[in-house]
Amino acid sequence: MTDPDVQIKLIEIMRIIAKSDKPLGARLIADELQNRGYTIGERAVRYHLRVLDERGFTKKHGYIGRTITEFGLKEINDALIGDRLDMVITRIEELVYKTTYDPQEKKGNVIVDVSVIDKRDHEKAMDILKCAIDAGVSISPRIKVLDEGSEEGDISVPDGKFAIANVCSITYDGILLRNGIPSTLLYGGLMQMKAHKPVSFADIIGYSGTSLDPIKIFINKRSTSVLDYIESGTGKLLADLRYVPGSAKEKAREVMELAKGSDIGGYLAIGETGEDVFSVPVEKGKAGISVFTGSNVITAIAEAGIPVNAYPAYSIMDYNMMKKLE
Amino acid sequence: MQKKYCIQFASAKIEDLMFRTTFDPVTREGEVVVNLSIIDKEDLDDVLGIFKMAANSGLTVSPYIRVLHEGDDVEGISVGPGEVGLITMCSITIDGILLKKGVFVKHRFGGLAEIKDGTPLRFTNVLAYHSTTIDPLEVLMFQEITSVIEVLKTGSGKILANLREAPMAARDDIDRILSDMVDVDITGVLEVGEPNVHILNVPMERDRLGIVAIGGTNPMAIVQEYGIGIRVRTMFNVVDFKELYHISEYM
Chain A
1 MTDPDVQIKL IEIMRIIAKS DKPLGARLIA DELQNRGYTI GERAVRYHLR
51 VLDERGFTKK HGYIGRTITE FGLKEINDAL IGDRLDMVIT RIEELVYKTT
101 YDPQEKKGNV IVDVSVIDKR DHEKAMDILK CAIDAGVSIS PRIKVLDEGS
151 EEGDISVPDG KFAIANVCSI TYDGILLRNG IPSTLLYGGL MQMKAHKPVS
201 FADIIGYSGT SLDPIKIFIN KRSTSVLDYI ESGTGKLLAD LRYVPGSAKE
251 KAREVMELAK GSDIGGYLAI GETGEDVFSV PVEKGKAGIS VFTGSNVITA
301 IAEAGIPVNA YPAYSIMDYN MMKKLE
Chain B
1 MQKKYCIQFA SAKIEDLMFR TTFDPVTREG EVVVNLSIID KEDLDDVLGI
51 FKMAANSGLT VSPYIRVLHE GDDVEGISVG PGEVGLITMC SITIDGILLK
101 KGVFVKHRFG GLAEIKDGTP LRFTNVLAYH STTIDPLEVL MFQEITSVIE
151 VLKTGSGKIL ANLREAPMAA RDDIDRILSD MVDVDITGVL EVGEPNVHIL
201 NVPMERDRLG IVAIGGTNPM AIVQEYGIGI RVRTMFNVVD FKELYHISEY
251 M
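In order, the protein sequences belong to chains A and B. Just so you know, we're using my numbering here: the first sequence kicks off at 1 and counts up by one. Just so you know, we're using my numbering here: the second sequence kicks off at 1 and counts up by one.
Wrong hints could be hidden among the right ones.
Ranges between beta-carbon positions, derived for each pair [to be verified]:
id, chain 1, residue 1, chain 2, residue 2, range
1, A, Tyr-97, B, Glu-70, 52 to 58 Å
2, A, Arg-253, B, Ser-156, 49 to 55 Å
3, A, Asp-86, B, Asp-175, 29 to 35 Å
Below, a list of computed lysine to aspartate or glutamate pairs in the EDC-like style, where the Cα atoms sit at most 20 Å apart [what the hints assert, rightly or not]:
id, chain 1, residue 1, chain 2, residue 2
4, A, Lys-221, B, Asp-72
5, B, Lys-116, A, Asp-78
6, A, Lys-249, A, Asp-228
7, A, Lys-19, A, Asp-31
8, A, Lys-221, B, Glu-225
9, B, Lys-116, A, Glu-42
10, B, Lys-116, A, Glu-275
11, B, Lys-116, A, Glu-75
12, B, Lys-116, B, Asp-72
13, B, Lys-100, B, Glu-29
14, B, Lys-242, B, Asp-117
15, B, Lys-116, B, Asp-24
16, A, Lys-74, B, Glu-144
17, A, Lys-216, B, Glu-144
18, B, Lys-106, B, Glu-15
19, A, Lys-74, B, Asp-117
20, B, Lys-101, B, Asp-45
21, B, Lys-52, B, Glu-42
22, A, Lys-9, A, Glu-42
23, A, Lys-74, B, Glu-150
These are calculated hints, taken from the structure and not from any lab test. Heads up, the beta-carbon is just placed ideally off N, CA and C, and yes, glycines get one too.
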């Protein structure tokens, strides 16, 4: 077994190399390690890189630098579970921080879910998407369709596929933060709907204490019934729950109402301070806010039997680049 | 009584079931915690074959099971027409037995444990019991990230497992109780850690030791990996041990 301290450094070096789209040399890696709070000299980095090469995690390309191998990518995803327990929420907090959308000015970035679908299913998928958006199960009707080969920020679409970017519910947390309201995302879950009204959460999974995205877990488990809901008004939809300080409740409501002017809607309830929201207990002094997740429209496509690779809360995107479906 | 809509976290369900466990490995009497799986009648032989293979390879909590046919009723559990139910032991039985012997373990999480050449290496994905209302080992079965068949064939792959921690002071008792369990074929414990030391890459709290058990859902994960339809309800209930039979009596 490798010494835990050394292993942390090895993994960090691999993460840096994996994030770069071109080969990286020891000097650049040492600089980036510095940014991330590790003080390791260039010489030590070279030593660690040799170890990584030997284990098959990285590959050397002459003097240009190193790239990560398939095996190395797998290792990043599997190693150091102790450090990854809160990885999902940490990544989300990063996206929330990067959200700049201002509902007053009507410009800025929002957080998007990205889903990759085979081109052959394009027509059918888009029909269902339109249907789901019209039924109001998303938080915004605006989407962005990316064709094969296109690149947009950190989204790149493989050949033979196309991608749909839809607004992610965590955008609310970003907008609230911009307005000085601290909102803490707690759970993703399944909302039981009856007669087009939310009744109660049926199951929830916390955003902290997991190495997998709760919404993705529900999508993969195929536990939603979005299509049933669209047809009959009864079914299970994806929703999430966050809390804000009780004192910020009214301000939060104002901001969220204002966002409706930019087609960002879909919040289900703002609870009373300290009271349950859809059967989920909320701490004293906090008010729970529940929102549909944007992934509902994607889940509808998956429920119709079309294979979908869903990446909830994947990236940020300029909201004005996203358009309503005709 | 359960309310119609009730959010209950997995950790609360577990403690309830631990409290209701009465099985004593020495007298072999009492109730154990079980999972219920429902399959199509036609798949029964295949599924039993898989369960037996899993039991022989140590990928079950215990080889004691119960097959439920239409019309059977085991303590109120029954199945619909065309279906067969399989009652298998849940790893919470281990925690319940420890509790009744005075050792209270705390559940941390359920997840995927990577096995390399037959030896548990590390947890790779986890879901904490205190923050989910569905059993992590039930949801992780459906994420297409297990490779239990690979473990059976090659000794390397990813299986379902869960981690709990116990006070260091109870160490000797734990060793003794676990060995009593092995005598009744409850062999689901994968690894017992040293106090204060990482277990399968997971740091422990001060003066606690980790115990990793094999998820009772591994045989079901194999069935799932083979593409056979199966519905699983984990942490289902407690059942008298007398109602279960050794799998070799079924095939």
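Hint-by-hint comparison with the structure:
1. Tyr-97(A) x Glu-70(B): 52 to 58 Å: 57 Å Cβ-Cβ, so the 52 to 58 Å window holds.
2. Arg-253(A) x Ser-156(B): 49 to 55 Å: 54 Å, holds
3. Asp-86(A) x Asp-175(B): 29 to 35 Å: 33 Å, holds
4. Lys-221(A) x Asp-72(B): 30 Å, violated
5. Lys-116(B) x Asp-78(A): The given pair, whose Cα atoms are some 13 Å apart, holds under the 20 Å limit.
6. Lys-249(A) x Asp-228(A): Judged against 20 Å, a Cα distance of about 33 Å means the pair is violated.
7. Lys-19(A) x Asp-31(A): 14 Å, holds
8. Lys-221(A) x Glu-225(B): 14 Å, holds
9. Lys-116(B) x Glu-42(A): Given that 20 Å is the threshold and the Cα spacing comes to 34 Å, the pair is violated.
10. Lys-116(B) x Glu-275(A): Not OK: Lys-116(B) and Glu-275(A) at ~48 Å, beyond 20 Å, violated.
11. Lys-116(B) x Glu-75(A): Between Lys-116(B) and Glu-75(A) the Cα gap is close to 14 Å, so the pair holds against 20 Å.
12. Lys-116(B) x Asp-72(B): 41 Å, violated
13. Lys-100(B) x Glu-29(B): 13 Å, holds
14. Lys-242(B) x Asp-117(B): 36 Å, violated
15. Lys-116(B) x Asp-24(B): Distance ~34 Å between Lys-116(B) and Asp-24(B) Cα, so the pair is violated.
16. Lys-74(A) x Glu-144(B): With Cα atoms ~15 Å apart, Lys-74(A) and Glu-144(B) stay inside 20 Å; holds.
17. Lys-216(A) x Glu-144(B): The given pair, whose Cα atoms are some 12 Å apart, holds under the 20 Å limit.
18. Lys-106(B) x Glu-15(B): 9 Å, holds
19. Lys-74(A) x Asp-117(B): Holds, at about 18 Å.
20. Lys-101(B) x Asp-45(B): 38 Å, violated
21. Lys-52(B) x Glu-42(B): 17 Å, holds
22. Lys-9(A) x Glu-42(A): At roughly 13 Å apart (the allowed maximum being 20 Å), Glu-42(A) and Lys-9(A) satisfy the hint.
23. Lys-74(A) x Glu-150(B): Status holds; Cα separation ~17 Å.
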